[in-house]
Amino acid sequence: MPPRRTAHPLRRAAAALLAWAAVVTAQAADDEAPALVVAYPAGGPVDLVARQLAAALQQQTGRAPRVENLPGASGGIGVARLLGGRSAGWLVGTPSEVVVAPLLNPALGYQPEQLRLAGVASTVAVALVGAPSDDGRPLAALLEAARLGGRPLVCGNYGVGSHAHLAGLALAERTGVPLTHVPHTGVAPLLRELAAGRVDLAFVPLQRGVAEFVAQGRLRLHALAAAARDARWPALPTLEEASGAAGFDERLWVGVFVPAAAGPAALAEAGAALATALRDEAYRAQKLAEGAQPGEPMTTDEAATLLAQETARYRARVQALPR
54 MPPRRTAHPL RRAAAALLAW AAVVTAQAAD DEAPALVVAY PAGGPVDLVA RQLAAALQQQ
114 TGRAPRVENL PGASGGIGVA RLLGGRSAGW LVGTPSEVVV APLLNPALGY QPEQLRLAGV
174 ASTVAVALVG APSDDGRPLA ALLEAARLGG RPLVCGNYGV GSHAHLAGLA LAERTGVPLT
234 HVPHTGVAPL LRELAAGRVD LAFVPLQRGV AEFVAQGRLR LHALAAAARD ARWPALPTLE
294 EASGAAGFDE RLWVGVFVPA AAGPAALAEA GAALATALRD EAYRAQKLAE GAQPGEPMTT
354 DEAATLLAQE TARYRARVQA LPR
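Heads up: the sequence shown begins at 54 in my numbering, then just goes up one per residue.
If you are wondering where the hints come from, they were derived from the structure by calculation, not from laboratory data. One thing to keep in mind: the hints can contain errors.
What the hints assert, rightly or not - What follows is a set of in silico ranges between Cβ atoms, one per label pair, in the way DEER data are often shown:
#1 Thr-238 / Arg-119: 21 to 29 angstroms
#2 Ala-321 / Pro-242: 32 to 40 angstroms
#3 Arg-304 / Arg-332: 17 to 25 angstroms
#4 Gly-270 / Arg-139: 41 to 49 angstroms
#5 Glu-265 / Asp-188: 16 to 24 angstroms
#6 Leu-341 / Pro-242: 24 to 32 angstroms
#7 Asp-302 / Glu-349: 17 to 25 angstroms
#8 Pro-290 / Ala-268: 16 to 24 angstroms
#9 Gln-111 / Ala-249: 33 to 41 angstroms
Ideal Cβ placement from N, Cα and C applies to all residues, glycine included.
All chains, full assembly: derive it from the sequences and hints.
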């Protein structure tokens, strides 16, 4: 019987090293937080929230989720990739890409009901702002001049089907003022076009960047798109006070979403991670300094109720659009 061959010591060491590496890699994968998918380019307001959440989770848990930007089609492409399994993780997003995009563009291939909300990360007020080149006339005077046949007003937004686009359409309908709606690739390019006088009006989140443009005289703050004035801007009238256009009660919120197909355990994991991030003092201080309100932890039922209400509200807006 031939003698049994034994592995060379170097081969045994290499095999042991490979086995150890496989175990370490598997443990690292288990410890790695799911990616935070953002359906917009890096540098925008939603991307900022995602990166702040990632930093808060790293601070609180030691797990650092990566942020994955998948822009296109007003956010719809990123959501479609997530739901199609071509990207793994949780979506940091807004009703614009979760609800409005698939309703306006069925070719995206998904419905709002295919996502579940784990909770709200931040909320921000919305203001109607204008170019600094409008001779200082009040909003009511600008709208009246356009209604009487003066120069048509350009109303900018940050994407077809975005919150700003739908709000602009509602403004035209409720005031009887013809507006030319022009999409831009994001809030920052829209603000630059306003400052240059190529856009007359726009609905934008009332955050630090907008406040800086106003302080520099590059932007006019016309009105708050809310039912009542805000204590943080007591001199800023509501849109109804400034123009007579009633029914505007707008707030933008960013939430964390999970594919419904991922199941209750994935939803609970995302909710727990978000609740942990929301307790981070640095995260909360950042949002308040930006003019936003940090979210508060929500139960599964509370989150489901909010998403159902917002889906119904935006679906009604889309159905009311002219065909």
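Here's how the hints hold up against the structure:
The hinted window of 21 to 29 angstroms between Thr-238 and Arg-119 holds, with their beta carbons roughly 23 angstroms apart. Under the hint 32 to 40 angstroms, the C-beta atoms of Ala-321 and Pro-242, about 38 angstroms apart, fit the expected range. Under the hint 17 to 25 angstroms, the C-beta atoms of Arg-304 and Arg-332, about 22 angstroms apart, fit the expected range. Between Gly-270 and Arg-139 the Cβ separation comes to about 46 angstroms, which falls inside the hinted range of 41 to 49 angstroms.
Between Glu-265 and Asp-188 the beta carbon distance is about 23 angstroms. The supplied range of 16 to 24 angstroms therefore holds. Checked against the hint of 24 to 32 angstroms, the C-beta distance between Leu-341 and Pro-242 comes to roughly 26 angstroms, which is consistent with it. Against the hinted window of 17 to 25 angstroms, the Cβ-Cβ separation of Asp-302 and Glu-349 comes to about 20 angstroms, which satisfies the hint. The given range of 16 to 24 angstroms is respected by Pro-290 and Ala-268, whose C-beta atoms sit roughly 19 angstroms from each other.
Look at Gln-111 against Ala-249: about 39 angstroms separates their beta carbons, and that is inside 33 to 41 angstroms.
Consistency note: the structure conflicts with none of the earlier hints.
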